[in-house]
Structures are given as structure tokens and as C-alpha cells.
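Undergrad: What follows is the residue order along each chain.
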Amino acid sequence: MTIMRYSLASLITNALTGNRNWKPVWREPEPKSSYDVVIVGGGGHGLSTAHYLAKEHGITNVAVIEKSYIGSGNVGRNTTIVRSNYLLPGNEPFYEWSMKLWEGLEQDINYNAMVSQRGVLNVFHSDGQRDAFVRRGNAMRFYGADAELLDKEQVRALVPFVDFDNARFPVRGGLFQPRGGTVRHDAVAWGYARSADSRGVDIIQNCAATGFRIENGRIVGVETEKGFIGAKKVALCVAGSSSRVAQMAGLRLPIEAHVLQAFVTEGIKPLLDTVITFGAGHFYCSQSDKGGLVFGGDIDGYNTYAQRGNLPVVEDVAEGGMALIPAIGRLRILRSWGGLLDMSMDGSPIIDKTPVDGLYFNGGWCYGGFKATPASGWCYAHLIATGEPHPYAAAYRFDRFGSGRVIDEKGMGAQPNLH
Amino acid sequence: MRINCPYCGARCLEEFTYRGDATVKRPESIDESARDAWVDYVYLRDNPAGLHKELWHHGAGCHSWLEVTRNTVTHEIVAVELAAKGR
Ligand SMILES: Cc1cc2nc3c(=O)[nH]c(=O)nc-3n(C[C@H](O)[C@H](O)[C@H](O)COP(=O)(O)OP(=O)(O)OC[C@H]3O[C@@H](n4cnc5c(N)ncnc54)[C@H](O)[C@@H]3O)c2cc1C
Ligand SMILES: [Zn+2]
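Going down the list, the sequences are from chains P and R. Numbers 1 to 419, taken from the numbering used here, label the letters of the first sequence in order. Numbers 1 to 87, taken from the numbering used here, label the letters of the second sequence in order.
Calculated directly from the structure, the hints in this document are not laboratory data. Model, not experiment: these values are computed from the prediction. Virtual Cβ for every residue (Gly too), placed ideally from N, Cα, C. Among the hints, a few may not be true.
[What the hints assert, rightly or not] Listing some non-contacts, in silico: residues in chain P with all C-beta distances to chain R over 12 Å:
hint: 1; residue: L11
hint: 2; residue: A167
hint: 3; residue: A187
hint: 4; residue: G230
hint: 5; residue: A246
hint: 6; residue: L271
hint: 7; residue: D273
hint: 8; residue: D300
hint: 9; residue: N310
hint: 10; residue: R330
hint: 11; residue: R332
hint: 12; residue: L418
[Unchecked claim] In the DMTMM-like style, the derived pairs of lysine to aspartate or glutamate whose C-alpha atoms are separated by at most 20 Å in a straight line are:
hint: 13; chain 1: R; residue 1: K25; chain 2: R; residue 2: E76
hint: 14; chain 1: P; residue 1: K152; chain 2: P; residue 2: D186
hint: 15; chain 1: R; residue 1: K53; chain 2: R; residue 2: E32
hint: 16; chain 1: P; residue 1: K55; chain 2: P; residue 2: D108
hint: 17; chain 1: P; residue 1: K55; chain 2: R; residue 2: D40
hint: 18; chain 1: P; residue 1: K353; chain 2: R; residue 2: E67
[As the list claims (entries may be wrong)] From the derived model, a few chain R residues whose C-beta atoms are all more than 12 Å from chain P:
hint: 19; residue: G9
hint: 20; residue: A10
hint: 21; residue: Y18
hint: 22; residue: Y43
hint: 23; residue: H63
hint: 24; residue: A83
Could you put the whole structure together from the sequences, leaning on the hints where they help?
TA: This is the structure:
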């Protein structure tokens, strides 16, 4: 199949012919009997891994098997925020590389992912918090990311409707990352899928992995709903289902499954042209291109595989929203939903080999793995192709837990619901 | 979700704090030979999809630690006991 390239000419031609001639964006093949690499999980990370395996390493005899449809997981449920404002050495270079890949993504995959560098603004409310943000901003700049400390008046110029004089949590300023922003989440899945498919990767939907065939400590293939598929290498990439799937290969992980809820209001005229986060509670918000305010807050905080949460967190998020942007109280919420998170024990991800030869693991993304989608695929593809961890992901190893080299941005310890 | 506290009756979720898996066992030994057992205890979890025994603290109620058996797929709570039972 030849890939249809998108251009102004193709848009005009198709518009003039009633949009009846667009072709399916990827094939729907039946699985072959075996592949060099089978990627389990067709979320953002599985698909970007397939793209970079094919494009950067020339490995194209690859299948991505997805339990449901492409985009049905968190890649289509998140609040679309991308940023590289981490503090710790194990994290910041990785997330900054992801940001750079976002900046070139649409040219790389010839697909409009609506990458919008509208900025990410973290407001602070006290001197102590300002100092902590200065430190974080300096760490970001040290690793080549952008960070600006804004005073109250500079924040006011960006978001005049914020409750600056809130009696309890007055807004004193903010840490701003201008290159951060939002990316159209499901377009990321579709764009990577299309690109991988055009390079020969088979994307097989409605095909859950149901078991692994392991002989003499080496993986030889995957049992699936569509029968056995042989594989020289198998790469797990199932985010919130990590423990469930890894358990089929006899592995126990430093991960708990939790739920994060998100909300969108009715559409309004342009109000918020950046991403804003509250500093005194957990609340973050951006405005979608359709006009709805998209926001969220904390995870519910108990183990769950149900993709829905409970009311206490809804109330907590609404309170955070009202404290930061009182005008939000005039809006009606259109929809809310939940997604299944792979909360790790230190709040940071894992991209590593497993004790089973040829079986690789990618997971532990917590509530922040969307921004990581390009770099995760980039580094995972490198590991699968070369057998060596990519330098940017070198800290994301299983053995960091036992050796005490955890990457705990929040300093919470081994308590997943607190990260 | 509501938890039926043995002392206080059915109460809303916001009265409770979650601790996590109630089945992990703290190793007896602090000897170097127990290192792997400690790593298991601190970091590794079964994280089942289905029935899960877990600890909740009734902080806005009677202050008991409860061992709750809950289905992580449906959120149905099938048993609530005092965590201190038989210990
Ligand atoms: C409400 C919400 C808001 C979020 N907001 C942000 C944000 O603003 N910024 C950010 O950076 N991150 C955010 N995240 C986190 C981010 O969405 C995830 O970390 C990331 O999407 C996980 O990687 P993924 O895209 O590969 O996961 P997924 O899209 O979940 O992919 C995993 C796939 O594996 C499949 N699978 C599971 N079991 C099997 C099996 N047995 N066989 C085959 N396939 C299987 C699933 O069906 C799924 O499609 C948010 C998450 C949620 C839930
Ligand atoms: Zn009680």
C-alpha cells in the first residue's frame, strides 16, 4: 500500500470531491505466524516504539497487537499536556528529549498532531514555593530546557482572571515553560500508527495477548485471541495493564493500578491560551480548540482496574478549580472520564529488559506518560534493537528499587498513591 | 464507594485514608540475606484485577485500621474487618 501524504493540494482536491476519496490510514492485516518483534499494547508508547524501530533501526518485521482499538487506552484519555519541567537528573534529560521530538514530530510522521506550544504555567503561592520553583527552573535550564520565573504582574498579563488575592492561597508568581503546551492526543496515536504501518509494521487491533510462551528462559512468542504469534523479541507496552500482563510471564512489578479522572466543560470563547496549574492543591487546566476547559487533579488513590472514579476526587478537583479560577464555577461540565494508570513505587517509569530473555518492559508512567510518548518509543526501540539502554533512559531500570537509586521527584517513598 | 466500618457503620470514602496491599509481610530478619525479601516487601505488589485485601484508616471516624476486601474491577466491597484481628 502506498502512503497518502497530506498536503495543501491533497486537502483541496479531497474537499472539492466531497471528501469521498480519503483512504484508510493504516491496513488491517491478519497476524503472520511470526515476527522479529511483537509489541504488546497499541497505545501511544507501543505505536511510537514501532515507528522508531522501523525508521531509526530499520526493523520492520514487527507487529503491534492491541486488545481493543488504537487510541482506546490512556493515549486517548489524557489531558494532552506536554512539558519537560522535571527536577531530577534521571528524568529531565529524558523529558527534554521528548519535548524536542514533539517539536519535530509532525514533519517526521507527516501528520497533523496539533502540537501547540502554548506554554505551561505553574503558579506559586508562597516564598518557600517560589524558592522550590527557582530550583526546578534552574535544573531545567541546566539540561537545556526553557524556564522563566514570572512575577505576579507577568502572571497577570497571561491569565488575568486568576484569583490573585485569594485569602488563603494568593498567587505570587509562576514558573513558566513557554515550549510546553498541548498535543492532540488521539492524532498522536493515529499518526504514529500510520507511519509505522507505511513502513511495514502490522497493526493488529482486537487481539489481546493472553499468555506468553517461554522456553528455557527465553521468550518464543505470544498467545493471543487470534492464535499463537511467534516472536524473537516481545515488548510489553500496556501502561495501566502492566501488572496483569507481566503476571502472565511470571513477573511481579513495583507498580499499582490506579485511576485518574478528567473533565471537560461546555465550549466557551477563548479564555485560557496556556496550560495552568494550581500550586496549593492538585488542579490543572487548558482550553481545547473546541472551547471546552479540560481539567483534572489528583488520582483517586486506591488500587483499581475500573476506568472510572469516585465523587470525593470530583469535589476536590472542583475546589481546586474554584480556588484558582473562580469563573469556572459558571460553567457546566459536559463529560468526565477515567483512565487506568500504572503508578510506580517512585513515581518514575521503567524501560528495561526483564529476567526472561527477549522480553522487554515499558511501563510505570503514572499520570504523566503522554508527554513521554516520543522519547519512550525512541528509547524503547533503542533498547530492543541494540540490547543496550538508551543514555536518556539509563536510569529507568528495575534494579533501581533494590539498589536504592529510586527517582522520586516528590520525595514520597514507596507509596504509589502519593506520587 | 462507601466502607462499612465495624464501629461506625457505612461511611463515605473521604473519611478514610488508603495504605495499600494488606497481604505484604514485613520480613522478620534484618540480615543481609533477607535483602531480596525486603525489596519484595517494600516495592513489589501482586496488584490483582479482582479481589484485593487492602488497608484503610478511618481517620475521620474511629481511627481504626481496617482490612477491606474489595474487587478492583467493580469496586464492590465484600468484607471489612479490623486489621488488628488475631494479631
Ligand atoms: C485522565 C488522564 C489524564 C492524563 N493526562 C496526562 C497529561 O496531561 N500529560 C501526560 O503527559 N500524561 C497524562 N496522562 C498519562 C498518559 O495518558 C499515560 O501515561 C500514557 O498514555 C500511557 O502510555 P500509552 O499511551 O502507551 O497507554 P495506553 O494508551 O493506555 O496503551 C496501552 C494499551 O495496551 C492495551 N492492552 C492492555 N492489555 C493488553 C493485552 N493483554 N494485549 C494487548 N493489548 C493490551 C490497552 O488496550 C491499551 O490500548 C493522563 C492519563 C489519564 C488517565
Ligand atoms: Zn470507624
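Undergrad: Compare the structure with each hint and give your call.
TA: Evaluation of the provided hints:
With a closest Cβ-Cβ approach of about 44 Å to chain R, L11(P) is found to remain outside the 12 Å limit, as its non-interface label requires. For A167(P), the requirement that its beta carbon stay farther than 12 Å from each beta carbon of chain R is met, with the minimum near 23 Å. With a least beta-carbon separation of about 30 Å from chain R, A187(P) lies farther than 12 Å from that chain, consistent with its non-interface assignment. With a cut of 12 Å on Cβ distances, G230(P) stays outside the contact zone with chain R, its closest approach being about 27 Å.
For A246(P), the condition that its CB be more than 12 Å from all CB atoms of chain R is violated, with the nearest at approximately 9 Å. With a minimum CB-CB distance of about 30 Å to chain R, L271(P) clears the 12 Å threshold, and the non-interface call stands. The beta carbon of D273(P) is kept farther than 12 Å from every beta carbon of chain R, the shortest such distance being approximately 34 Å. With a closest Cβ-Cβ approach of about 9 Å to chain R, D300(P) is found to fall inside the 12 Å limit, against its non-interface label.
Listed as a non-interface residue, N310(P) fails to keep its Cβ farther than 12 Å from every Cβ of chain R; the least gap is roughly 5 Å. Distance to chain R confirms R330(P) as a non-interface residue, since its nearest Cβ pair spans about 26 Å, more than 12 Å. For R332(P), the condition that its CB be more than 12 Å from all CB atoms of chain R holds, with the nearest at approximately 24 Å. Not every CB of chain R lies more than 12 Å from the CB of L418(P), the least distance being 10 Å, so the non-interface label is violated.
For the given pair, K25(R) sits about 25 Å from E76(R) by alpha-carbon distance, which is inconsistent with the 20 Å threshold. Pair hint K152(P) plus D186(P) does not hold up; C-alpha atoms about 35 Å apart against a cutoff of 20 Å. The straight-line distance between the Cα atoms of K53(R) and E32(R) is roughly 29 Å, outside the 20 Å bound, and the hint therefore fails. Note on K55(P) and D108(P): the hinted pairing holds, with a Cα-Cα distance of about 10 Å set against a maximum of 20 Å.
For the given pair, K55(P) sits about 39 Å from D40(R) by alpha-carbon distance, which is inconsistent with the 20 Å threshold. For the suggested pair K353(P) and E67(R), the alpha carbons sit about 35 Å apart, so the restraint of at most 20 Å is broken. No Cβ of chain P approaches the Cβ of G9(R) within 12 Å, the least distance being about 18 Å, so the stated non-interface status holds. Once the 12 Å rule is applied to beta carbons, A10(R) is consistent with being away from chain P; the minimum gap is 14 Å.
The claim that Y18(R) lies off the interface is violated: its Cβ sits roughly 5 Å from the closest Cβ of chain P, which falls inside the 12 Å cut-off. Not every beta carbon of chain P lies more than 12 Å from that of Y43(R), the smallest distance being close to 4 Å; the non-interface claim is violated. With a closest Cβ-Cβ approach of about 19 Å to chain P, H63(R) is found to remain outside the 12 Å limit, as its non-interface label requires. Separation of A83(R) from chain P is adequate, the least Cβ-Cβ distance of about 16 Å exceeding the 12 Å criterion.
The structure fails hints 5, 8, 9, 12, 13, 14, 15, 17, 18, 21 and 22 (numbered hints given earlier, in ascending order).
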